[in-house]
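Student: Going down the list, the protein sequences come from chains A and B. Using the UniProt record's numbering, the first residue of the first sequence is number 1, and each one after it goes up by one. Using the UniProt record's numbering, the first residue of the second sequence is number 1, and each one after it goes up by one.
Hints are not guaranteed to be accurate.
Unchecked claim - Residues of chain B clear of chain A, computed beta-carbon distances all greater than 10 angstroms:
(1) A34
(2) D330
(3) I365
(4) V373
(5) G375
(6) E376
(7) V432
As the list claims (entries may be wrong) - The calculated lysine to aspartate or glutamate pairs, modelled on EDC-like cross-linking and capped at a C-alpha distance of 16 angstroms, are:
(8) A:K340 / B:E242
(9) B:K4 / A:D353
(10) A:K4 / B:E77
Because the hints were derived from the structure by calculation, they are not lab data. Every residue, glycine too, gets a C-beta built ideally from N, C-alpha and C.
There are 2 protein chains.
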Amino acid sequence: MSLKVSQPPPHGGRLVNAVVDREEGAKMAAGCPAYDIRPTIDPRTGVPIRNAYREVMSIAYGFFSPLDGFMTRNEVESVMRDRRLLSGWLFPFPIIFDVDGEELRRLGVKEGDRLLLRLKGRPFAIIDVEEVWRFDPRDVADRTFGTPERNPEAVRRRFDEKHPGWLIYRSMTGTAVGGRVHVINEPRLKEPYDRFWYPPSASRLEFGRRGWRTVIAHQTRNVPHTGHEHLMKEAAFLGDIEPCNGILVNAIIGAKRLGDFVDEAILEGHEAINKFGYIRPERHLVTMTLWDMRYGNPLESLLHGIIRQNMGCTHHMFGRDHAAVGDYYDPYATQTLWSKGIPSYGLPAPPYDVDRGLKIRPVNIQEFWYCPVCGEIAYSESCGHRDRAERFSGSFVRGLIAEGIEPPPMIFRPEVYQVIVKWWRKFNYPFVNKRYLEAKEAELEVELDPMEVTTR
Amino acid sequence: MSLKVSQPPPHGGRLVNAVVDREEGAKMAAGCPAYDIRPTIDPRTGVPIRNAYREVMSIAYGFFSPLDGFMTRNEVESVMRDRRLLSGWLFPFPIIFDVDGEELRRLGVKEGDRLLLRLKGRPFAIIDVEEVWRFDPRDVADRTFGTPERNPEAVRRRFDEKHPGWLIYRSMTGTAVGGRVHVINEPRLKEPYDRFWYPPSASRLEFGRRGWRTVIAHQTRNVPHTGHEHLMKEAAFLGDIEPCNGILVNAIIGAKRLGDFVDEAILEGHEAINKFGYIRPERHLVTMTLWDMRYGNPLESLLHGIIRQNMGCTHHMFGRDHAAVGDYYDPYATQTLWSKGIPSYGLPAPPYDVDRGLKIRPVNIQEFWYCPVCGEIAYSESCGHRDRAERFSGSFVRGLIAEGIEPPPMIFRPEVYQVIVKWWRKFNYPFVNKRYLEAKEAELEVELDPMEVTTR
Chain A
1 MSLKVSQPPP
11 HGGRLVNAVV
21 DREEGAKMAA
31 GCPAYDIRPT
41 IDPRTGVPIR
51 NAYREVMSIA
61 YGFFSPLDGF
71 MTRNEVESVM
81 RDRRLLSGWL
91 FPFPIIFDVD
101 GEELRRLGVK
111 EGDRLLLRLK
121 GRPFAIIDVE
131 EVWRFDPRDV
141 ADRTFGTPER
151 NPEAVRRRFD
161 EKHPGWLIYR
171 SMTGTAVGGR
181 VHVINEPRLK
191 EPYDRFWYPP
201 SASRLEFGRR
211 GWRTVIAHQT
221 RNVPHTGHEH
231 LMKEAAFLGD
241 IEPCNGILVN
251 AIIGAKRLGD
261 FVDEAILEGH
271 EAINKFGYIR
281 PERHLVTMTL
291 WDMRYGNPLE
301 SLLHGIIRQN
311 MGCTHHMFGR
321 DHAAVGDYYD
331 PYATQTLWSK
341 GIPSYGLPAP
351 PYDVDRGLKI
361 RPVNIQEFWY
371 CPVCGEIAYS
381 ESCGHRDRAE
391 RFSGSFVRGL
401 IAEGIEPPPM
411 IFRPEVYQVI
421 VKWWRKFNYP
431 FVNKRYLEAK
441 EAELEVELDP
451 MEVTTR
Chain B
1 MSLKVSQPPP
11 HGGRLVNAVV
21 DREEGAKMAA
31 GCPAYDIRPT
41 IDPRTGVPIR
51 NAYREVMSIA
61 YGFFSPLDGF
71 MTRNEVESVM
81 RDRRLLSGWL
91 FPFPIIFDVD
101 GEELRRLGVK
111 EGDRLLLRLK
121 GRPFAIIDVE
131 EVWRFDPRDV
141 ADRTFGTPER
151 NPEAVRRRFD
161 EKHPGWLIYR
171 SMTGTAVGGR
181 VHVINEPRLK
191 EPYDRFWYPP
201 SASRLEFGRR
211 GWRTVIAHQT
221 RNVPHTGHEH
231 LMKEAAFLGD
241 IEPCNGILVN
251 AIIGAKRLGD
261 FVDEAILEGH
271 EAINKFGYIR
281 PERHLVTMTL
291 WDMRYGNPLE
301 SLLHGIIRQN
311 MGCTHHMFGR
321 DHAAVGDYYD
331 PYATQTLWSK
341 GIPSYGLPAP
351 PYDVDRGLKI
361 RPVNIQEFWY
371 CPVCGEIAYS
381 ESCGHRDRAE
391 RFSGSFVRGL
401 IAEGIEPPPM
411 IFRPEVYQVI
421 VKWWRKFNYP
431 FVNKRYLEAK
441 EAELEVELDP
451 MEVTTR
């Protein structure tokens, strides 16, 4: 029995690379009608809650391999029913390019055409129009996430407008374009995102350069406290012969909610963990994926597994309430998925144990707390002083900071706090507020150079 | 791909159980000549360095399965050459019952006979004499451990009298009896050993009762400091879907060296770790194996693998300088064995990757230290403050205690220190001294009831 684990193949067997150079791109787009990508807006507040450009990026750079375009009606139906693409490979969410139907008609776009997609007023990508189709946004929202009746293993209560992922689908226009995409004008990631941009082909190379045979992924949308740090360090013990060689932090960067930490602080906060040696930089790499999180708990964990397998990770850590918001899901739904499967989501066995499933291996983790008896950050399954446990969470830490209190070093590294202070000064507030939201949506995470394309 | 790991079969496929009840035993021993088991003595100092009764116990209770008796000449040759029993199963050390040849002749013992073995003056076991053979103790000692020339992957310098394992073989009589053994008068383990006595059939049952599917073994001959505690807690993260369910501490109990911690404190010190909740008692079980350690580093680790696989463990943690003394071995020889094998010891691949090898999985671990920057016990592969590391070892802790200083709680739990103090009071000294050695060899770890056996 060989116990060696090594870099898994991409999901579906091949990394998608749909980024073409500008010259080639200009040719491909020549003569096409142009359409401006615009954000999905929360109809109640007018706040942007998603920008499909992030999906174009994640598709074209291979994060979502083998998905190479926006889904057609049949593929969306297949995903909602079986969590599988038409090719049979596991995939959790409908990836829908919803558009302004009026404008599409005005442009005279029909199936078989090619559409130039503009971002920030500049040529960005193209989509080959395989299908223009209509859908009921509420119905797609409901069937994407499920209901307590249909998904009793995972769903605790009916989804509604307070759930940001459901709201994204619910707020779509009802007209969609399905088909392959290509980025034709490669965007430059803005500072500080540029340092953290490792698309799957680049992360795989970087793992090779670093000599990492085993790599465990850490999902984040938080500035790390010492509980996160210990989760990373201790889950990395998982491995076969020796602890995992590398720890990959992969932050989900996209639409924010009021009160969140700002994305810049999340990335630089994790970077501070290795920069100041709390985890050796040789073992720790901070990266990002562009995606407006759907907060789908087990479904989201499946997407995370796909993204990080594509990036080359061998293992993925999953905690309680993974990528969750509110109490829509059972807190352990993700761990249920990864230890026995969720049949009502089309997974009678864990994702690594079904045909055309994933190769990445799960590491299910419980809780970390500060234990005053042990005098250290302790793991719930090891520490015998549960009644003395001092629990702290991202919300608790945000509460302290909001009160102007620097969290104690036991639960928050001072160098990480300095990162928060740095961005607090820049944005005049330590968390996401309305002004940050507006600026973020106007500027996004990228810059695009001007590009000449002769459009129709 | 199912990732589930489960309890391995015993080494060789079947647990040896060669303990018979007293009635049956009395019949088996009736009419046999009797021979008193006596310790192996260091000829330079007169100090006992081994007692073969411990080997009888470990064989008869299945710790050494599939070995069911003392080895014959051919089997010893096979083990020294290929590290394999005549049946082909891996085994690292010659297990030799050396006897007083004069007395054997006086008793008229010949091949095919049965010999009653007495311990502390009472009937204890029998051996079916398959072979009486002679050997050169120095030659067996040399070929057991190897030399820098023959074993360049592992051995750094020639073994000599300062190596306690080499000395055991070197001090043997040169006359040996090979053949199957049975314990006929089951000894009672004395307090506190009785609490820690879980022969393989019992440990397997206990794992089942506790619902442990995965169990990681920890080798010890030390009272645990916080480095050991973290090694256990963090190596236990190893597993497949979730961290190992159980941590098995298995102390090697046998001949001691001056300055060692006393065996009673080693066992109760580890017990204090779970009793006072530093590791939840539900996850942590302290046990013992009777064996006069040979300090054979990679070879010893192979025996540890066999013992703990027989006990039902799925994983084994191996640190630097595993079961080592002095600088005879490369400090990483054990990890070399378990990650790529040591061809000159007959292992061209790791023990889990050869025919008739082991099923237990290794977890190779580097160093723990106290890091004043992280403010915690840190792992060398995670912590980036190597230049600030405050290393501490069992010797350092013993040094403090010898000076009458209670080690700081950061590196030694106060409740564990209290265990040392308890036995210090009892023996008037915190460590093994000459008086302890004499008392231990006179009393051993067991009591035997009187038993009527008609001997020749």
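Student: All the hints need checking, so say for each whether the structure fits it.
Tutor: Hints versus structure:
1. A34: holds, 47 angstroms
2. D330: holds, 17 angstroms
3. I365: violated, 8 angstroms
4. V373: Per Cβ check, V373 of chain B is inside 10 angstroms of chain A; nearest 7 angstroms; violated.
5. G375: violated, 7 angstroms
6. E376: Non-interface label fails for E376 of chain B: nearest chain A Cβ at 5 angstroms, not farther than 10 angstroms.
7. V432: holds, 30 angstroms
8. A:K340 / B:E242: Holds: K340 of chain A and E242 of chain B sit about 12 angstroms apart, inside 16 angstroms.
9. B:K4 / A:D353: It holds: about 11 angstroms lies between the C-alpha atoms, which stays within 16 angstroms.
10. A:K4 / B:E77: violated, 33 angstroms
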